[in-house]
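Let the hints inform the model, and build the full structure from the sequences given.
Chains as they are written, first to last, in my numbering: chain D, 1 to 538; chain R, 1001 to 1663.
It is possible that some hints are incorrect.
Said to hold, decoys possible - Pairwise CB distance ranges, derived in the manner of DEER restraints:
{"#": "1", "chain 1": "D", "residue 1": "458", "chain 2": "R", "residue 2": "1035", "range": "14 to 24 Å"}
{"#": "2", "chain 1": "R", "residue 1": "1621", "chain 2": "D", "residue 2": "461", "range": "42 to 52 Å"}
{"#": "3", "chain 1": "D", "residue 1": "454", "chain 2": "R", "residue 2": "1551", "range": "28 to 38 Å"}
{"#": "4", "chain 1": "D", "residue 1": "106", "chain 2": "R", "residue 2": "1029", "range": "18 to 28 Å"}
{"#": "5", "chain 1": "D", "residue 1": "458", "chain 2": "R", "residue 2": "1576", "range": "48 to 58 Å"}
{"#": "6", "chain 1": "D", "residue 1": "281", "chain 2": "R", "residue 2": "1601", "range": "35 to 45 Å"}
{"#": "7", "chain 1": "D", "residue 1": "454", "chain 2": "R", "residue 2": "1044", "range": "30 to 40 Å"}
{"#": "8", "chain 1": "R", "residue 1": "1580", "chain 2": "D", "residue 2": "454", "range": "35 to 45 Å"}
{"#": "9", "chain 1": "R", "residue 1": "1621", "chain 2": "D", "residue 2": "497", "range": "37 to 47 Å"}
{"#": "10", "chain 1": "R", "residue 1": "1034", "chain 2": "D", "residue 2": "458", "range": "18 to 28 Å"}
{"#": "11", "chain 1": "D", "residue 1": "427", "chain 2": "R", "residue 2": "1621", "range": "23 to 33 Å"}
{"#": "12", "chain 1": "R", "residue 1": "1012", "chain 2": "D", "residue 2": "464", "range": "48 to 58 Å"}
As the list claims (entries may be wrong) - The calculated lysine-lysine pairs, modelled on DSS-like cross-linking and capped at a C-alpha distance of 27 Å, are:
{"#": "13", "chain 1": "R", "residue 1": "1029", "chain 2": "D", "residue 2": "457"}
{"#": "14", "chain 1": "D", "residue 1": "457", "chain 2": "D", "residue 2": "28"}
{"#": "15", "chain 1": "R", "residue 1": "1606", "chain 2": "D", "residue 2": "366"}
Since the hints were derived computationally from the structure, they do not count as laboratory data.
Just so you know, even glycine gets a beta-carbon here, dropped at the ideal spot from N, CA and C.
Here are the chains, one letter per residue:
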Amino acid sequence: MDGALLLNLVIFLPLLGAIPVLLLRDGKGVRVGTLVVTAVTFGLSLVLWLMFSVERGAEVQFSPHAFPLISTAFDIRYAVGVDGMSLLLLVLTTFLGPVVVISSWTNVKSHVKAYHVLLLVLQTGMAGVFCAFDVLLFYVFFELTLIPMYFLIGIWGGERRIYAAIKFVLYTMVGSLLMLVAILYLGHLAGNAVNGGVFTSDYFKLIEYGVPPSLQSWLFVLFALAFAIKVPIFPFHTWLPDAHVEAPTGGSVILAGILLKMGTYGLVRFCLPFFPHAAQDYAVLFAILAVVGIIYGALVSRAQTDAKKLVAFSSVSHLGFVVLGIFAFTLESLQGAMIQMINHGLSTGALFLIVGMLYERRHTRKMSDYGGIARTVPRLTFFMVLTVLASAGLPGLNGFVGEFLILVGAFASDIPGMPILVIFATTGVILAAVYLLWMLSRMFFGPITTEANRSMKDLNRRELAVLVPMAALMILLGVLPRPFLAISEPAVDRLLETIQAKTESAPMTDCGVPVCVDEAWPPEIGWEVGFVLTSDSE
Amino acid sequence: MSINLSVLLIVLMPLLGVALNGLIPLFWKSARRSEGRIGAIGTAVVAIPFVAAVGLFLGGFEEPHVVRLYTWMAAGEFSASVAYRVDHLSLIMALVVTGVGSLIHLYSIGYMRGDRSYWKFFAYMNLFIFMMLNLVLADNLLLMFLGWEGVGLCSYLLIGFWYEEERNSAAATKAFIVNRVGDFAFLLAMFLLVRELGSLDFGTILAADASISQGTIAAVVFLLFIGATGKSAQIPLFVWLPDAMAGPTPVSALIHAATMVTSGLYLLARMSVLVLQAPMVMAIIAIVGAATALVAATIAIAQTDIKRVLAYSTISQLGFMFMAAGVGAFFVSIFHLMTHAFFKACLFLGAGSVIHGMHQVEHDLKESDGHLDPQDMRTMGGLKAFMPRTRWTYLAATLAIAGIPLTAGFFSKDEILFKAFEMGYDGATYAWLVWIVGLFTALLTAFYMMRSYMLTFEGTPRWPRAGEVTPHESPHTMTIPLVVLAVCSIVGGFIGLPKAAEALGLKNWIHEYLAGHNGHGGAVADPTLHAHVPLATELILILVGSAIAISGVWYAWRYFRRFELAGDELLRARFGRLYHWWSGAYFVDKAYQRTIVGPLMGMAEKALAPFDQHVVDGLANDLAGVMRRLGAAVRRVHSGLIQHYVLGIVLGAAIIVALLITG
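What follows is the structure in structure tokens.
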């Protein structure tokens, strides 16, 4: 099969599939139809993965013809493709599609059709984000995800859903509008410089252009702010707990699993290569915010009484690791960040699924309403414990791989102060155990205090069908992470080379370790010369 | 059978047990019923690796033999494999883990009979053995860390095994978190090593003496030692171990006596080449070990729960092992680790057998007789008449841990004291201190262990209606392991004869085996000493050590035979305030709660969470409020519907684009 066609299908099949789903009458049909569409999309993305050449992972593959989107007067094109950094996120997106549909099977009861159509639209938006190699196209997909999510929270959410939905949209939009301004300005500049005066938003042309260091700073800030809100990086995180708590389970899974990754992905994909100087200037600041987020998110998690809110705050902590890895600029730390995005999508996604399953049974998210349910729901407990351990970074499960690579890479980074920041970040490993095990012991262990918990039903087949693959992936990524790491390594390597090349004119002291391995800075020639002279004189 | 195959068998069999006893029964309820099959599988998957390890031991091999399976993680220059390293050190450890482990599994068949989660118990125990084998056989620090955290996880699961009791679940969480504090330091040590060496393989680390600075080595060793204090329950991280007794007793025997707690010592022995290059840190290790040994021994004197006595004695004995590591006698720390595994497993399983019996008493008593705590020695006494096999084995292990001449504990403990003396003789001042504290602690050990024996088995029964209600001896699956372990506790010490025996032409086998011929080329390094203790002095030291052990045991025997339980009251009266500190374990728990845990959690709940809600979020909302007021003039445009906002955005963007293009 033609890779380009396949990629187009992976992106747009959900959107196309929304049309027949719209025509379906009964709820069951809508669910089955959506499931089929998302499952087929997932299958196609797996084929794409099989066809993907890991050796050429630094290159954009499967690109269809990049036709102009508005008119030939602008260099704004439908430029999509997949490289090593996008592939896994794309597959995670398509994987979570059917997962969300199955998990919503019984708990979404009203407006079933609208819910599923929005899910499908969301799928296309998210897939597009990870495949776009045109900044404006990226922006369109980025915004496209906003609207369905707004409705998912606003219609199927909890009591304060409207507040949460509007907050979500406003926060994100403030950031993304600023980014739009930056994109337009950047495209204009680059057009004049390298594209014969024609406005361009082509990813590679923008990199080739190389923003003058003097302009990088504020353009970087505009881009990074949009992504920082999306991630979210402390102190822009307060929309997240509200959105998560109010969102329906499916919405939370997508939010945690994919939407947040659009922020970290954006930082890696655009901020680093477009504005390498500024990114390094701001690296310490972002690393500090990341570490603050790790510790702060963990401590605030510990203080929650609502299980869903706890998981939401844990995301702030976990994504702090990803941001730290990105701004440490080493191959190890960036690779760790890439795999940690996937890990977080799986384990936090699973946590939301399980909390949702409990909510479906008992209609409460308060941890004190549970207690001792390990006895009544042993299977659910098994998956919960496994997920919690993955989330807490237990070696042998997925979370450890990302965290370890991020920390070990950041520790060797040349960004000033990094080792100290890593020491603080590593305390997050202790704190994660504190709040996660505390949740376990409050909800699952101890005596059964509420009568209603005695008759709770254990997982049914449908729920198992959701959790078993998630658990299997958590174990697989923990035991055998190398094939997954290998996918993004060439692309990340190329990225670091690009940054290195772009900043070479004004040599920076803070470059990635693998790049600098042979070039000690400052050079030690003086010493050697001195040594040679002395030995000569003897 | 090839070495590779044996190693695979050793590592993977327990994992098979986890699948058969854990995963299958989890999803198929019918698989939970047959206790016989579950117990048999659970024990076999540990016993088979033991047989394989014995095969390796007898067969001999060129050490180190590395079995590389696949690359686990790789990014850039860094990579770590799933690879196993078989040398004499790891093989000894594997033998202890699987040997003592299979006895404890065998014992559990009877002990856990009738428990509703019988299958789960064996699955956890098998998982524990799997993790422990990864820990000792790993060829790099990262895989070792997998086992390291893995045993932490299993202890969490097993301490909280009876999770309906809030207390047990709390103890489990505490154990995991305190262990994680140590793991934090372990992680930092790995970061440092990767930065300096680019690798975590033992081959690279142990060969890298010249390429990294002394300061870095000292930092790495210190951090690893902090990690070790977590797993091996030393000051300041020992607080989790006594609470860990909340788990079923075989768990205490397996995890908290024979295997998991020894991993810190194993780590130091594995890194011995590096440790020897950091003399300052060695002094810290030795002093911390000595302090822990002394502190824990004093606490043990004042405990009334039989398992708590054993728990503190474990901490104290681990302190002895750290003393050995601190004076560079790594092979001795492994030697004591091994003998300790025998007698401590025997003691714990013996205590389990006693508890088993007392449970029966508790069961037979009526409610009107009041509550009976089956672990409280105050309501025991005179059990020797009812549980002869348990009594004799417990006594044997007690004599061994006390260091009565020719028992296993005698040889290993005396060797530790001798090595400390030797180091002091060689010029290391701290070693003298360690030696004196060690001697004094040995006296205390003999006393408090004999006390536990006397209060439990001798004297008159103290439970209500002792004339009618009596406990029975435990079944054979429980007593056979006791007998095997007791025999090992008595004769196991002959593998490590003192140096003085060289005069008779006898060698110290364990030294040769671990450290290589004359201390060269083995898996474990020896320090270079310049002065040698004369034979006469050594003989005197042996006599002193024997005298101390015998007098401690003898005094306790006389004292508690005369006073029985009242002996405790006399001690309390004699030591007053000091005794209060002992029985309260120096209130370290309370101090941590007050200075660290409490304030941190209080800050999270009372400061950070409101801060997040009101300040961080509040500012953003205020900003929104200001915007809203500013926008009052154009209110009509603000319909509040998100569609309109979106439309606005699209229009706005279009206008900007148009401006840019025309401009």
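Practice problem: For residue 1012 of chain R and residue 464 of chain D, compare the CB-CB distance with the range 48 to 58 Å and indicate the outcome. | Solution: Given range 48 to 58 Å: violated, Cβ gap about 27 Å.
Quiz item: Is it true that the CA of residue 457 of chain D sits at most 27 Å from the CA of residue 28 of chain D?
Solution: holds (23 Å)
Quiz prompt | Consistency of beta-carbon spacing, residue 1551 of chain R to residue 454 of chain D, with hint 28 to 38 Å | solution = This hint is violated: roughly 59 Å between Cβ atoms.
Self-check item: Holds or violated: residue 1606 of chain R to residue 366 of chain D, with C-alpha atoms at most 27 Å apart
Solution: holds (18 Å)
Quiz prompt | Beta-carbon spacing of residue 454 of chain D to residue 1044 of chain R - inside the hinted bounds 30 to 40 Å or not | solution = holds (37 Å)
Practice problem: Take a quick look at whether residue 1029 of chain R and residue 457 of chain D sit within 27 Å of each other, Cα to Cα. | Solution: holds (15 Å)
Exercise. Check the following: the C-beta atoms of residue 1621 of chain R and residue 497 of chain D are separated by a distance inside 37 to 47 Å.
Key: holds (44 Å)
Exercise. Please test the hint of 35 to 45 Å on the beta carbon pair from residue 281 of chain D and residue 1601 of chain R.
Key: Since the Cβ atoms of residue 281 of chain D and residue 1601 of chain R sit about 37 Å apart, the hinted range of 35 to 45 Å holds.
Quiz item: Does 48 to 58 Å hold as the CB distance between residue 458 of chain D and residue 1576 of chain R, or does it fail?
Solution: At roughly 56 Å between Cβ atoms, residue 1576 of chain R and residue 458 of chain D fall inside 48 to 58 Å, so the hint holds.
Exercise. Hint says 18 to 28 Å; check whether the CB-CB distance for residue 106 of chain D and residue 1029 of chain R agrees.
Key: holds (24 Å)
Quiz item: Range hint 14 to 24 Å: satisfied by the CB atoms of residue 458 of chain D and residue 1035 of chain R?
Solution: holds (23 Å)
Quiz item: Has the hinted range 35 to 45 Å been met by the Cβ atoms of residue 1580 of chain R and residue 454 of chain D?
Solution: Distance hint for residue 1580 of chain R, residue 454 of chain D holds at roughly 44 Å.
In summary, the structure is inconsistent with hints 3, 12 from the numbered list given earlier, while agreeing with the others.
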